[in-house]
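Number of protein chains: 2
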Amino acid sequence: MFYIRNHFPYPVVDIRTWELSIEGCVNRRIKFQYHDLLQMPQVSLPVTLECVGNKRALFHPKVRGEQWELGAISHAVWTGVRLMDLLYSAGIQMHAREVIFEGMDKGGRTDRPGVFSYARSLPLDQSLNPHTLVALYMYGKPLPFRHGYPARLIVPGWFGMASVKWLHRLVVTEEPFQGPFQVVDYVYNRNPLVPSESPEPVTTIRLDSTIARPTDQEALAKGDHWVVGTAISGEDPVVLVEISTDNGTTWLPVSWLDPQEPYSWRRWCWKWTVTSSGTYDVKVRATDAAGHIQPERADWNEKGYGYNAIQHIRVYVD
Amino acid sequence: MFYIRNHFPYPVVDIRTWELSIEGCVNRRIKFQYHDLLQMPQVSLPVTLECVGNKRALFHPKVRGEQWELGAISHAVWTGVRLMDLLYSAGIQMHAREVIFEGMDKGGRTDRPGVFSYARSLPLDQSLNPHTLVALYMYGKPLPFRHGYPARLIVPGWFGMASVKWLHRLVVTEEPFQGPFQVVDYVYNRNPLVPSESPEPVTTIRLDSTIARPTDQEALAKGDHWVVGTAISGEDPVVLVEISTDNGTTWLPVSWLDPQEPYSWRRWCWKWTVTSSGTYDVKVRATDAAGHIQPERADWNEKGYGYNAIQHIRVYVD
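In order, the protein sequence lines correspond to chains Y and P. The opening position of the first sequence corresponds to residue 1 in the working numbering, with each subsequent residue numbered one higher. The opening position of the second sequence corresponds to residue 1001 in the working numbering, with each subsequent residue numbered one higher.
These are computed hints drawn from the structure, not numbers from a lab. Incorrect hints may have been included.
Stretch-level coverage of chain Y by chain P, calculated; a stretch enters the list once three of its residues show a Cβ under 8 angstroms from a Cβ in chain P [to be verified]:
1. 103-111
2. 215-221
What the simulated footprint calls covered on chain Y by chain P, stretch by stretch (three residues with Cβ under 8 angstroms from a Cβ of chain P suffice, anywhere in the stretch; the number is not a length) [unchecked claim]:
3. 52-65
4. 310-318
Since this is a predicted model, take the numbers as computed values, not measurements. Glycine included, C-beta positions come from ideal geometry on N, C-alpha and C.
Please construct the entire structure, taking both the sequences and the accompanying hints into account.
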């Protein structure tokens, strides 16, 4: 059930010849074969991945792209080697600023001629973060092919585009990467008519919360119902989730099903005792440790990224 | 991938004790065991089933219920015994008017107390139609449990609610059936404020056509693209499907991928050569043999049934 979003057709992977190479501003180019990585120290980390296009279908005016509703977010425990261990073994040079991560998937784009690999860069500090992994396992099993076998970058707390699948090449650079998936896609462009000189890049997961059940337009009987859902933030942890059943007039805190974990969504539940029939406008909002709260309206942008407005569903009690 | 829509939890089925009984206005009550049915003459028929709530999410104002988009329609070849053979072996009495079909699935409703089986009735003439089957096989294999094993009624040309799953009881009656899935659900109620005395019941599949690819808000490159989709009608066969890429100003006919078959959708394709970039409003409309054409606007009703307005998607060519 883990969501999948690719830009290109699935690549052909031959594990016998697959290598992960590190080049660029390093003291020595290195190539790791699959069994090299399997023999290195492994780290396991629960990380929730969310596509930055999740909830795109909720933007008004409508925005082009995959019309995701609530489903482009999933959770797994990832196991692999620390990216920093790989980079240090290559030796990072003084003037290095970024690391480019290239996947094996490639193809054309609608907006320009040529063939492109799916490639993204990360600042050096995030690349050296001990929690940034080159994952080889998902929930204890070798990565499923569709999720990036044999190796997938996992950048905890960042939107999913950073976690490059079918990883095969790392390039340490001193110049900001200018690939189309870095500077054309995955930037917040709030005014299509006036393209920004230096648009804000998409980085960490925005504070958001979602009701999984009941669903919008669902009919319920009077009595007790469990409202359940998730909340997440890529920066300051979620400390409070509140539910309103009167369209935002009054709010009540939920109970947690998950502990507060960095990089993971927190599932929550709330017991709703409905005694009178009618139409209910149910809302949910999350607050993080820095006191940020979800916005009433989404931050509209040309590509429909980062929708995190307070969710509103309508349910009917007969 | 065949869509599933149930009203109640899955029933418990023990094939060793399962029976299909026929009672009511018949000369002799009969019970068929599974192997009895297997030994009777089998008929195979390709039938497309569509939930009458398909496309409900497209209604404005929004309507309560499952927020189906385009996916609540699927096609299969069904094999089983003719319902008429079963009914004739029981002997239908002169005054019989309807047959009630009861599934094994049961449970509560939000709008009234009590436990109800999922049950629907059909007029006698439709019950005696040689194409109305008690299906035992789906694509040549015993019915999957989720699709009604061991036996499912298949009513060709009717919306899916008529094709009762986990069928175990037939009652031939002289009075119109008043079960909640006959008179409360599955009626077109166009004015919630003024409930009709005798609302129009949901019966056959409405004339409709759907674009499967490209998807709404998709971006394409200049060049050739195949637009593909389906068209269906439960009554007069679909004879024409037309595409417009200029928001309905001009229309061009598609090519057929399927022959004209009663009870089956017709898949079609249309080669679109796009030479100039821009935003395209693409529409599709079907015409049936009686000259009916899909409406511009959907026939709004309280439960969101039978949406068949001309589909409109927007695609971007870079």
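A quick look at each hint next to the structure:
1. 103-111: holds (count 4)
2. 215-221: holds (count 7)
3. 52-65: holds (count 4)
4. 310-318: Holds, because 4 residues of the region 310-318 of chain Y bring their Cβ atoms closer than 8 angstroms to Cβ atoms of chain P.
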